[in-house]
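Trainee: Next come the chains, spelled out residue by residue.
2 protein chains.
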Amino acid sequence: MIPFLYQCTTCGKLYQRDEVRYLCPDCAKHYRPGIPLVGVLLAQFDYVAIRRRLKKGNPDWSLFSAVEEQHYPPYPFGHTPFFPVAALGKALGFENVWLKNDGLNPSASLKDRASFLVVAEANRLKEPSIVTASTGNAASALAAVCAAAGKQAIIFVPESAPRAKLVQMLLYGARVIPVRGTYDDAFRLSLEYTARKGGLNRNTAYHPLTIEGKKTVGLEIYQQNGFKVPDVILVPVGDGVIISAVFKAFCDLKAAGLINRLPRLVCVQAERSAAIHHYIRSGKYQDAKRPDTIADSISVSVPSNAHLARKAVLESRGFSLTVSDQEILRGQKTLADKTGVFAEPAAAATVAALKKLRRSELLGRKEQIVLLITGHGLKDVEAAMKSIRIPRSIEPTIDAL
Amino acid sequence: MIPFLYQCTTCGKLYQRDEVRYLCPDCAKHYRPGIPLVGVLLAQFDYVAIRRRLKKGNPDWSLFSAVEEQHYPPYPFGHTPFFPVAALGKALGFENVWLKNDGLNPSASLKDRASFLVVAEANRLKEPSIVTASTGNAASALAAVCAAAGKQAIIFVPESAPRAKLVQMLLYGARVIPVRGTYDDAFRLSLEYTARKGGLNRNTAYHPLTIEGKKTVGLEIYQQNGFKVPDVILVPVGDGVIISAVFKAFCDLKAAGLINRLPRLVCVQAERSAAIHHYIRSGKYQDAKRPDTIADSISVSVPSNAHLARKAVLESRGFSLTVSDQEILRGQKTLADKTGVFAEPAAAATVAALKKLRRSELLGRKEQIVLLITGHGLKDVEAAMKSIRIPRSIEPTIDAL
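From first to last, the protein sequence lines stand for chains V and X.
Using our numbering, the first residue of the first sequence is number 1, and each one after it goes up by one.
Using our numbering, the first residue of the second sequence is number 1001, and each one after it goes up by one.
Please note: incorrect hints may appear among the correct ones.
Here are some chain V residues pointing at chain X (derived, C-beta under 7 Å) [unchecked claim]:
#1 Gly12
#2 Leu14
#3 Ala148
#4 Glu159
#5 Leu166
#6 Pro178
#7 Gly199
#8 Leu314
#9 Thr339
#10 Gly340
#11 Ala384
#12 Ile390
#13 Glu395
No farther apart than 30 Å at their CA atoms in a straight line, the calculated lysine-lysine pairs in the DSS-like style are these [what the hints assert, rightly or not]:
#14 V:Lys126 <-> X:Lys1333
#15 V:Lys284 <-> V:Lys356
#16 V:Lys126 <-> X:Lys1090
These aren't lab readings, by the way, just hints derived from the structure by calculation.
We put the CB at the ideal spot given by N, CA and C, even for glycine.
With these hints in hand, go ahead and build the complete structure from the sequences.
Mentor: Pasting the structure below:
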């Protein structure tokens, strides 16, 4: 493995790997539950060493990993399909649209990537239990990876989480604590829990390896795209960690000399859970009051990684937009109709966004546009039911047709 | 592509590719809905030509494909994880247990493989619509691939199919006809439908390319296993097509000179849907009267491919067994607990079977045993709910814990 240091994204200070665990200690003094995280750490590798060891055409991605392979749990993830969807592109007025279908991870969302790396870190640290708050996907991913690794997952989840996600985590053997409150309440409770009772806290962005784990989706897109940088990537955004992680992937590739430009990152939020969108637009942060969207995975009042998400969009020369629940549901149906991919509402928000951008000058018709599909539609069948009607049954005779 | 002929599995007669479409015309005279299919066709390739063109270490699987690549729909499938599960093996008393997790196909079941190839064939034949009967998985797979290919799927499904599967196929834009009856009623109706109204009939085994499509799972297992033949593969069996297809894969590899032995194939059926099991045991075929199992994907009264499934088990020197619904549900929980894989009940039947075989002499403790996971658990959350209890919600304070 290539050595790395943690760097604070707020003050820039560097730390040895085992000197810190979650946030930058200096900046964490200014953090309290209820505001976006400050002092989020990013792993900074010895990129000169990486460059020296890289092979062209068949790069060894473990060079970009912040945990040694010997600690990896037996949980194959990633390597999900990346492919062009001409019919969808045509329907939306673009010529070169691609999907990265990360709903085909084992627990059916991109979150397997983060959970995998944090559980690997727990193996390294010999921590038997891992704690998280989640709207559902991160929790079911953590529960799944913990099951494979023989560890205990302890999960705080808003009681409104879709039932399929609850069933998943319970079946995997996690200890699940449904909370009468929002994701933000669950987030706060999980921090209090590890402070009092110990265990490794996997909260997204709070544990720096969640960003490192999720960045593998960016590395895969680059590889599967024939080692080329796509022009634009549309990312559904809740707490802002996935978009920051995609940004980190391409920053790592650039620092290692593999690429010389970044893809433009487009932040897609639900209209009624749009704190990061407004922060990007105005430069002033404000919580999303009473977030409410059918896209439960991106329903967040206080996005933990707001600062880094904003930076990812601005530094990649991207932009941000919002979509309504109606648009999301229509996007889900269009995606299924045109590609055979059944995505959960949060992921379908990218399709809704692309529809909205049809006549905008923000995207070129011929640009290579990637939609990041972050979760499988089977995670939330209730939502999909709003777009369809189950037909009446018939008697089993051809004449009944 | 390598040329192939269709061979009738009942009378042995050979046909040119475009001479026949479904069953052997001679034998089909003896077929009527309500009995297992007779005259099922198998594609027989020019194996000498394949052998000549094969490269060691990196075989070109398209040599074994019965449809030209130019007709393939834009629907990436397969390449699902194959990996050892030491903790599960240990819990069940075996040392070398592996999973092939085909629930991670795009529509969340192995059936994508068959639908892919039949839709490719429809492209070749310029057929705009494809008809099938299904307990749910084949239908949602067909609907998904048809969406990607711009074709119309017409689906007959028992009204008791799990809702998630119905929602899937409707969202993909299929025409769905729920039937007040069993899978067998739906099968018969779909045959009458294509006879009267046309369209390509994708019924499993009835269309010979369903077996060819599904065989890709066997080819992948061989490749992912480092080009070695596993000792044993446990396959959940409903109508008997998947087990026949796994058999066909290894027969093709043997005919092409890549391997010199077959894996032993173990037929796993639900106690109350066990027509093939009894047929294998007794040599006498009898329908499963009123099939009833929580494993809806393998709930079949008249298994269409009974004859070939029996042959696959006997010629591979395998065997057959049944498991109860209780055992299936416990198997599903054990699998999730020990591996992080959430499988649908039919797939979990293989875990239940392995549990039962712990003290049997039919399997060696050290043999390499593969469990074929045919579908994702998210397809049927209701079933999984029987194994877990959703905990009570708490107020969002640490003291409420």
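Trainee: All hints are to be evaluated individually against the structure, with a verdict given for each.
Mentor: Evaluated hints:
| no. | hint | in the structure |
| --- | --- | --- |
| 1 | Gly12 | violated (33 Å) |
| 2 | Leu14 | violated (33 Å) |
| 3 | Ala148 | holds (4 Å) |
| 4 | Glu159 | holds (4 Å) |
| 5 | Leu166 | holds (6 Å) |
| 6 | Pro178 | holds (4 Å) |
| 7 | Gly199 | violated (13 Å) |
| 8 | Leu314 | violated (33 Å) |
| 9 | Thr339 | holds (6 Å) |
| 10 | Gly340 | holds (4 Å) |
| 11 | Ala384 | holds (5 Å) |
| 12 | Ile390 | holds (6 Å) |
| 13 | Glu395 | holds (6 Å) |
| 14 | V:Lys126 <-> X:Lys1333 | holds (26 Å) |
| 15 | V:Lys284 <-> V:Lys356 | holds (25 Å) |
| 16 | V:Lys126 <-> X:Lys1090 | holds (22 Å) |
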